[in-house]
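**Q** Chain by chain, the residues:
6 protein chains.
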Amino acid sequence: MAHLFINEIKAGIRIDDIYMVSQPILRSTTRGDLYIAMYVSDRTGKLNGRMWQATEDVYNMLPKEGFVHIKGRSEVYQNALQIVVDNVSVVPNENVKLDDYLPRTNKNIGQMYADVKNIIGQLQNPTVKAVIAEFLEDKELMKKFCIAPAATQNHHNYLGGLLEHTSNMLNVANAVLPFYPELQSELVIAGIFLHDMGKTSELSYGMAFGYTDSGQMLGHIVQTVMMVNSKAETLQARGVEIDMKVVQSIEHIILAHHGQYDYGSPKLPMTAEAFLVGYIDNIDAKMKQVGDTIANEPGDSDWTGYVRSLEAKLYRRKLID
Amino acid sequence: MAHLFINEIKAGIRIDDIYMVSQPILRSTTRGDLYIAMYVSDRTGKLNGRMWQATEDVYNMLPKEGFVHIKGRSEVYQNALQIVVDNVSVVPNENVKLDDYLPRTNKNIGQMYADVKNIIGQLQNPTVKAVIAEFLEDKELMKKFCIAPAATQNHHNYLGGLLEHTSNMLNVANAVLPFYPELQSELVIAGIFLHDMGKTSELSYGMAFGYTDSGQMLGHIVQTVMMVNSKAETLQARGVEIDMKVVQSIEHIILAHHGQYDYGSPKLPMTAEAFLVGYIDNIDAKMKQVGDTIANEPGDSDWTGYVRSLEAKLYRRKLID
Amino acid sequence: MAHLFINEIKAGIRIDDIYMVSQPILRSTTRGDLYIAMYVSDRTGKLNGRMWQATEDVYNMLPKEGFVHIKGRSEVYQNALQIVVDNVSVVPNENVKLDDYLPRTNKNIGQMYADVKNIIGQLQNPTVKAVIAEFLEDKELMKKFCIAPAATQNHHNYLGGLLEHTSNMLNVANAVLPFYPELQSELVIAGIFLHDMGKTSELSYGMAFGYTDSGQMLGHIVQTVMMVNSKAETLQARGVEIDMKVVQSIEHIILAHHGQYDYGSPKLPMTAEAFLVGYIDNIDAKMKQVGDTIANEPGDSDWTGYVRSLEAKLYRRKLID
Amino acid sequence: MAHLFINEIKAGIRIDDIYMVSQPILRSTTRGDLYIAMYVSDRTGKLNGRMWQATEDVYNMLPKEGFVHIKGRSEVYQNALQIVVDNVSVVPNENVKLDDYLPRTNKNIGQMYADVKNIIGQLQNPTVKAVIAEFLEDKELMKKFCIAPAATQNHHNYLGGLLEHTSNMLNVANAVLPFYPELQSELVIAGIFLHDMGKTSELSYGMAFGYTDSGQMLGHIVQTVMMVNSKAETLQARGVEIDMKVVQSIEHIILAHHGQYDYGSPKLPMTAEAFLVGYIDNIDAKMKQVGDTIANEPGDSDWTGYVRSLEAKLYRRKLID
Amino acid sequence: MAHLFINEIKAGIRIDDIYMVSQPILRSTTRGDLYIAMYVSDRTGKLNGRMWQATEDVYNMLPKEGFVHIKGRSEVYQNALQIVVDNVSVVPNENVKLDDYLPRTNKNIGQMYADVKNIIGQLQNPTVKAVIAEFLEDKELMKKFCIAPAATQNHHNYLGGLLEHTSNMLNVANAVLPFYPELQSELVIAGIFLHDMGKTSELSYGMAFGYTDSGQMLGHIVQTVMMVNSKAETLQARGVEIDMKVVQSIEHIILAHHGQYDYGSPKLPMTAEAFLVGYIDNIDAKMKQVGDTIANEPGDSDWTGYVRSLEAKLYRRKLID
Amino acid sequence: MAHLFINEIKAGIRIDDIYMVSQPILRSTTRGDLYIAMYVSDRTGKLNGRMWQATEDVYNMLPKEGFVHIKGRSEVYQNALQIVVDNVSVVPNENVKLDDYLPRTNKNIGQMYADVKNIIGQLQNPTVKAVIAEFLEDKELMKKFCIAPAATQNHHNYLGGLLEHTSNMLNVANAVLPFYPELQSELVIAGIFLHDMGKTSELSYGMAFGYTDSGQMLGHIVQTVMMVNSKAETLQARGVEIDMKVVQSIEHIILAHHGQYDYGSPKLPMTAEAFLVGYIDNIDAKMKQVGDTIANEPGDSDWTGYVRSLEAKLYRRKLID
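Protein chains in written order, with my numbering: chain A, 1 to 321; chain B, 1 to 321; chain C, 1 to 321; chain D, 1 to 321; chain E, 1 to 321; chain F, 1 to 321.
One thing to keep in mind: the hints can contain errors.
Copies of the same chain are indistinguishable here, so a pair counts whether it falls within one copy or spans any two.
[Said to hold, decoys possible] In the EDC-like style, the derived pairs of lysine to aspartate or glutamate whose C-alpha atoms are separated by at most 20 Å in a straight line are:
id, residue 1, residue 2
1, Lys97, Glu233
2, Lys313, Glu182
3, Lys10, Glu65
4, Lys318, Asp213
5, Lys286, Glu182
6, Lys318, Glu297
7, Lys318, Glu137
8, Lys71, Asp262
9, Lys286, Glu134
10, Lys143, Asp262
11, Lys313, Glu8
12, Lys313, Asp115
13, Lys144, Asp292
14, Lys313, Glu297
15, Lys313, Glu140
16, Lys129, Asp86
17, Lys318, Glu134
18, Lys139, Glu233
19, Lys313, Asp243
20, Lys144, Asp262
21, Lys144, Asp115
22, Lys107, Asp302
23, Lys245, Asp321
24, Lys10, Asp321
25, Lys144, Glu94
26, Lys286, Glu75
27, Lys139, Asp16
28, Lys144, Asp213
29, Lys64, Asp300
It is worth saying that the hints were derived from the structure and are not from the lab.
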């Protein structure tokens, strides 16, 4: 039976389905009765849930963040929908179709990955080819690359977001590179393919999106460079001839792609290739973030609210069809 | 007879040709004899010139910056070429083939302008079309647009540079826009065509490149917006229906295209179109500046000197053919 | 009958008067009954309003921001006054004495405008005179100039505030200029008269204070300069001789009067006149803001709360009579 | 006999007068002969001096900075005047009319000091009066106050400059205060009188202008506050009743008058009086610096060179008589 | 009878003890009954208090911040403990053992002060000795020095905190100085002893921690320097020979110890001693703040929340025993 | 025969020894004769050298930077010593006692390395021990660690400087750690030992000090982290159990030890250990730089010149013996 999505729930209906529950709190009413407040969510939205006549036992059984089967009903309270929970039981993760609960790219992951492989498949330089191949053959990593989000917020913050962002950037680069023939295009393409690879380690996205410990302490830029260095050393240990100047130029692109010290780049761009990858990253991230902010702004005002990371309110009225 | 270019002059030859002279100074030797030091240049380079046994009269006749016919010879002094001037006479500008003396785009100006017109010729929105047409019909302005440099230094700092930069950006935009279909591409194209139009007023480039008084006091960003506003008011005065929201969106793109207050933009980008134009401007300017810096660095070091406006030394070794 | 001002309402009285209503929301009580929460305000203050036993029809009839006739009563709830609304009906704007609802300068607008005209009436330079006259003859604009606020917050944020601020600055300039005789005082006076003229376009103040679309996208600095440019072009088109150097110097004062790129000035001051106008603007704005903050701080503490735009808590104890 | 000022020296005349000599260096010509290069100056200017056929003894006798009687002649070398020194002998400071050698205000010091005393003589608050009187009675300090420069460069950098700057500011304040009647004008006047008093200790100006050790390590802001504190403690020790809140408010004005942490103010303004003193300080300093920069720019260009402390090139063409 | 500390109160017990009350507010319930909400605290924590069936008289009797004897009971409301107050009466401060109500160092104040005196007792330079002795003999000041907090928040923000921080720094300096024998260690030791002495005037800590008026307007850095200057002048007035260069070097250390203009230092370090004191201050403050933040973070997450003054979330998992 | 050091050369003596030559330039005199200008140096200083009557062949034979045997004499020219070169021949590096030509620590390298090994020899945690051991066993790397400079300028910029700096920091840490017992001291010690290890790759110091290509593009912070990561992976590949949390905490210390993004740290400190290592690094670097600047300042002024990297002029007068 198909999952009843949060954004399909109307007021006053029966609920009998699996949802993600988070941040449960045990409270008492003014009369002293215990109840549990919690969030009930899936990938389409999040509602308040209330379980009246709760007990400490039920509360202790609830995960801080996890899947439960909820029986109850929807109602309107203070102008907003909420879920009144009559009965709740924990559901093991393996019984859950995760895709229903975590936001996910609208695009086809397989197709995007094929697109990526097609573009990087045209690279010729032996060192670039060897390093890229080493990544492609790391099946575990490629699986994460295809499913990881590109960020916890701001842009492409959903499953498959990293792949979508990387794939877009590769296509934009392919379109732009012909106008700058003096560039070493293979460094640009390899740099883009790898630039955010460390996000597979920086971010956690099994249940909700967050940062891993190593992600917080090292950051995806350094994690990516470590991966590239490790692959190159592995190749050398296997006797493959590697031009370390080429590897370092790619590592430099990765280190410099945030473009400013304040944004976590320990080195500023020193090659045309590094400048270009930084700009294309910015274009793809900003076009996405502006588009999403405009799409998600409630109401019909011509202006969105202030977006701190864009330092702007956005004007969203279409003037030209 | 063809002009003998500065970069063709060898040591120990006779000189009998027109050059641009600048910054002449009258000095006396330790023995009390007067001589004149000056720069002698054309579009291919600049040398020191020395006129021994000079008089105050000759000095007073020399322009601070202008064309002169020089007779004399070349010699090496302290490891560098210089021109020993035996005789000098002023040449009226109209007798001079200006192109030999000012740096100039390598590309074909007519072809680039045709390319620009072709791209903006596809615009459909009535307001956009009317405003663009008003600019195209301003023949005086279009002449300047085709010949003005894009800057006094850093990038595209030669005759035709503004057109070359604008034309490149339009082509890059055309290549990138298909990946972001939600954008109002006509605003992007119109915004790029107009974004630096005020440089025709900000910069002086009759003889050498500099800033006009109004350029220094107002800046090309504000000058461009004034032009757009003036054209729109003229159209309205003629009874043409103009959607001022469209005009203001284009003016906003122009105001915001430097992306930061510190770079002279009085407004930060508030639309996807304004963000994109700023990034494409950056890509084209930086790719040009990096390329030129690498090409012009003397010696064979793998690194250029520190470039302040890029906050970097550049690595210029080609690693991939 | 005189309007019963918000700051005159005591607890427990009958209400039967016109107020501005804003941000109405339809909610349901825990028992499921609908009610409407809203703000009820005039120029002296704002209270919470509650209409119990409301219907969707009543809610739909209410403007998001507009005038209504309210019948009901005042009561204390959680230590604060609120209005219980029994009956509400929409009132057309033309039936309303707007002055009762929007904050307004305490000074006499006619007298201030006469004062301004008197000061600028002493200007002699033909170009300055012509441009100023063109502004004075734009009756539509002068009407807005007399009534517009100088800001939406911080200082002079009430009807007539722009005129009051401009008039104060002109008087301060007249007092200070004799100490700096080398300045071109006419540029200072003209620069001050015009410096914020674009606020008539940047701000909306028909009902509540906000920014217009063009104000957000272009800003009053650029809008003011466009106005000056447009007037000068109109004069030239009429055959009036205009010294464009003078016009540009005034435009430069306007562009530079915020004194820093971060405050939206695309050019920093390059003339003594531009520096002085910036400082006088700052003096008048800050004296007003400090005075108002001190006056409006509730309680009897010697210190106000932290004011972000002043980067300070203010000490407000009078030490000297 | 009147001193022959540097700016009166023509080429080819005999020199026989006292000048300040500074930075003498002993050098040898290519042929091995010793000569001394030095600067020769008075308050009207500075020239290069050369003493050929010098000896180590003569060199050792010369002060690093001090007065000497020079016999020799003027000549033009490389387009500039220089002094050829035939004979040099040290002159004790007491034999020198110092005013000829150090730059000095054009205004009348006695009159300016009377003006200052007149303005502060109108103060009424007992604490303000007592503290001010304590300063006026410190004859040693007042003597320094009348003669000290206001800075080593930028503005009022000549003898009497501190008094001139303070006197100007008091007059500007008197002109501006009537427009802001809510201010405690006595704090403003006292604050201005005292604001830079510590410059008498921060700067050294016996021979050339520089910083004292304590000036470098503590700075005039802190030195001024120490003076005020010390005077107030002295008064209290004598049994005079002092309102310490008043003293602290004046000290706060002094600490905050640079307006920004980066400019050496350890506290930002927290009172209207502190804001106003900072702005008036800025007006007087900037009007002076802009005026002097324009006046001193050689040549006839409409623009001065870039002035770092003003962040600008200045436009100096008079447009209005 | 021992005080029942806030952190010892369990749900459902009788309360009959003295507590600090703060921020009382009179409110009415929906039914119109009056009640008082307030905070009830001692040095171990703070709880919400509710007095139902309150009257305006009881409310008016309550101090805004002060001691009261409370009779009532504890209960859980909305998952948190609160105090239901049945009866309340004001208690004069002198009847209260203040130590129970204000947070206080865990270390022994007498011992720390002895430790400090021991370290500074080894100083030999006559000026340093004389100035330090003058401070030690100011019994009033030393009493404050022993009891004042080092800050209102961030680090050592409890009674005795200033002494603890100063004592720690002296010990760290003693440990570090042997590795840098070229330093003038007596300046370092004297500088540390005095560096925050002005906090005794900057902070108020009789009842709760805050800033005095002079503290806000002058700041402890300037207040400390004033103290040193005043003591030195007193010594000189008594005929003690004082090397003002030594005093100024200590004052410089004090002025510069925040290391940056933005942190309130009007001078940056110019001596090795000033650099070192700044770093040791930072070490001791940061080690304390990091330690306390980690210790006080509720829950068992490996990460604390974001701490603004540290610009970081802190990782608090112990990895090594 | 002992090398004649540059700082031992007097005027007018015969030269017949090996020196480092750098930046040779071929020039012609006014009469057209060719000569070579060059720098002649060893670890004690650098002089100008001139070879008159030079030929292009001699010039082409000279290394841009390398060792030559010079025959000639010293003379004074323009108040400075220079070397007149009569004859020059290239010397292979292997024939040169390098220590005479490159500046070098005054301390005993063997003893310092033993000291370092002693301190890190006390570490107990298995992961820390294993990683450290892996570094110690990398003989090639340890050799570089003992000889590399810590910087190209500012502090410890001589052979052995990295070891000296690391060794000092370890000793300071050992002295300070007892005062902060809650810290994980083994992370501090391991972090210090490793923190600048990448400088062995970042810097080139075979002949003169500079940056390697990888050093410029990646930087020693990232290069160090790569080394640690590579060693940890090697250990894991050998089956050694490694606690990656411990490794990451050390890597975090390394990444964060510059303390600010602007100084090249891509992560700010998130642990007490990371804060402490950053401060100790700063103390040791600054004490060294201040000490050297004071020692090397020529003349007898109480103040050094302005040092950009310290943002200060330094006061260097000893006030206390």
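**Q** Run the structure past the numbered hints and jot down the numbers of the failing ones, going up.
**A** 1, 3, 7, 8, 9, 10, 11, 12, 13, 15, 16, 17, 19, 20, 22, 24, 26, 27
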